[in-house]
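> So the protein lines, in turn, are chains A, B and C. Numbering-wise, the first sequence is residues 1 to 288 according to the numbering used here. Numbering-wise, the second sequence is residues 1 to 400 according to the numbering used here. Numbering-wise, the third sequence is residues 1 to 189 according to the numbering used here.
These aren't lab readings, by the way, just hints derived from the structure by calculation.
27 Å max Cα-Cα, derived DSS-like pairs, lysine-lysine:
1) Lys78(C) / Lys175(C)
2) Lys78(C) / Lys27(C)
3) Lys364(B) / Lys33(C)
4) Lys245(B) / Lys97(C)
5) Lys7(A) / Lys75(C)
Calculated from the model, a selection of chain B residues having no Cβ within reach of chain A, i.e. all distances over 12 Å:
6) Arg30
7) Tyr300
8) Gly378
9) Met379
10) Ser380
Idealized CB from N, CA, C, for every residue including glycine.
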Amino acid sequence: MGTNIYKINPEFRDIMPKEIIDLEENATWSATTDKRGIKELPETKELLEEHSLCAGCPEAAALRYVLAALPKPEDTVIVNSTGCTSLMFPHIALHTVHSLFGNQNAVATGIKRVLDWRFPEIEKDVVVLAGDGATVDIGLDYTLQSFFRQENITTICFDNEVYANTGGQESGATPKGQVFKMAPTGKKFEKVRMWELAVTSGCHYSMNMTASAPKAVAKAVREAIFVARYLGPTFLNIYTPCILEIGLNANEGLREMKEQDKERFAAFKFVSPEAEELLAKLKEEGRL
Amino acid sequence: MSKRSDMTETKNWSGQTLVTADHMLFEAPRSKHFMTGSEVLKEAVKRCTVDASVSYPITPQSEAAHLIGELWAEGYVGVYFRGENEFGVMSEVAGCAMAGARTITTTSGPGTLRAMENFAQWSGTRIPCQLILMARGINSPLTIQPDNLEVSYMLETGCQIWYAENVQELFDMSIAAFVVAEKPDVHVPIITVVDGFFVSHTRESVMLPEDDIALFPYDPNRAPLPAIDSETPPGRFLRDPFVMKSNYISYATHASWQWEIRSAVERSVPYARHYLKGLVHVTGDADAEIAFVACGTASYQAKEAHRELTKLGIKTKVIKLRTIRPFPEAELLEALKGVKTIFVPEFNVVGWLEKEVKKCLYGKCDANVVGGPRVAGGMSMPAEAILREVMEKINSGKGA
Amino acid sequence: MANQGPAYYSPYPTAVYEGVITPPEGKALLLTKVVDEEIAMREIAKVMLTSENATIFPGPQVLYGYNEESKKKAKLIKEMSEVLNAKMIPMYDYRPKYPKIDAEVEINPNHPNLTIWHNEIKAAIFIGVHCHYANVALKIVRAETDCYTIAICGLSGHEDAMATLRDMHSHELEKFIKIAREVKSELKL
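With the rest of the complex left out, here is chain A:
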């Protein structure tokens, strides 16, 4: 069914606001274009209407890239967790879930399995998008267990290396030595290398990257979703710095990400042989 839920009944067209009409007329769906992507951001209706994050927050930009890259948004459910990301979720023009802090991969498991049961004839993608606190700390068990179980879910961690929404506390993803609240003398242990844990735990595709290059983010999202749809769990760790907590101005997020492209977020990419094969095939078919 997909896009029917965006079709405005003609009797109400004259009373609907522009954003809703735009969504029907100018958003892109798998049925209207083969390849969605960030190149269409300036010309089409985005799936993120507005948001209430800080000015210049790289997370908001990264979410726009993710949404523009979804291969089949009209059949994509995104599961979220508590944190800064949850402030954007009400404004995403898709079915999304915020349940509790840390249970995102468990909730996504239930949704994915039931969607496959209810709609065996429709490819439904389930994507988890949560912060580093949710993915690496409070939700680590549920994240890894969904990898062990080989759930067909893409997990995206917006890693800002801090609990930003609660006021700047150290997280498992914070680099060693960094002073944050709750680590007043500096963090005592190394940043958790979640992208490596993902590989050991059964992910078919795992990346560590920053959101500095929109096209690279979009490519990774698209590939990860296809691999999750046909093979099994995939994971993306994407640096979206909290400019507020590390003392940067609104226009300095991009520079920070570019610097970290060579440091803590130096490109890591794992693709299993089966996933390599799948991606090559999809490319041949023109789907990538």
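We have chain A already, so just place chains B and C on it with the hints.
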């Protein structure tokens, strides 16, 4: 494995004939069987066209969870797997139910407490899933024995709570529970409680309808919130948004939402009255001045005590509460007319049911409420213990 | 009993806690009374036709053409608005909006009172709004405004509205429109 698309207008995916809840519960011919609570739950789930179930081992509910797994292997249940722990399981159940599945799970004692954050989330997001709670003691020290203290933790989660006395009631209640929980104006989770071991592991005679019939499937289009399936408008829909975060504030929404959940539980009353044939069951002497108010196994023991007291010429009645949430206030007050002393026998040390009864009666009934007898940690509650309590009270200072 | 406004600062009391619940099948609810559907339909038409700035709030289940029933209902609601001389303001989704809503053109379930205050709406019909969000909104409206709220529900109805019809599918909406026309001519409007 079955396919949901195998379902037709008249048959579910496993080929059972679809029937109404009234037919299943009141009209279909029944035959006699001899089985435990765990086994009878399998029989109930088999007849409920269940889409999904998630399991985790913990005594004493493990067997019930295994048997639902067998139903999945036999093609009666659509989705089934073992979760990572009870917090994960209850989150997975939430995902299944939000995606539009009729969903059931089971847990006990420490598992309930581990999963606790989920229950308030379940009711808040209006999923009609069913939790079978086979009550056992909670730590510390560790016990696997029957004790229903955990129920007190569930009272204000916004879920409906029903309490079955025996194997037969577990069968009928767990079927009715889906039907009532899925009513569009109710549509909040339902917790069906039995006392662990006393019901889960005790073999009793039960009357069951044939297993070639099953309930009509759950229809997520009749839910009060859109299912998370990308098939229901609005396309832009978060289940559920923050409404009181500093950069978006509507305190009224959170307050109204919370009242709505509690309202939904109360709206179940007429449906529960119909499918349970009353929220309370009263047995014994109609004109008694002594009443036992109890639920579950304690009400069975109270009925034993009533029989013994009858021999001594003492009139008593037993008021068995079948729903705890909603609390059956009107029915209880009606049943207590003329009663001067109320005993509340319970399988826990805190006396949560006594508190519930007192809260309900305050200012509305002059009867004296005696909390007890109480046993805990796996002790049984022999009728003699109840007799002693009564004799002490009515024959003060002279003992039983 | 279900209070009609005026403003309180909180969405209490809720009708259920005053002993009012959704009407049984085949019946309707007018304030605290269970009545025949036709009696409620006549009263609803009269209130809408005689109140200032009467407005229909269509929700997602009728705004979007995702199935045949929603398309049919859309046509009927348009007709209904003409018969009742009512304006229409959509509740097109349920998200809490940032930074604020435009009360002229939309109603949001998280503070529906803003739209009612701004547009001085004295009677309103909720239709096609998912029951949970309708109930959240109706409680707020009841506490914070003096608007006469009407729920025309495809499922079990809404006791927090002053008047509620239940199981209203397109066939029943046709019946309501017919009755509304009769009431309109009786009132010589």
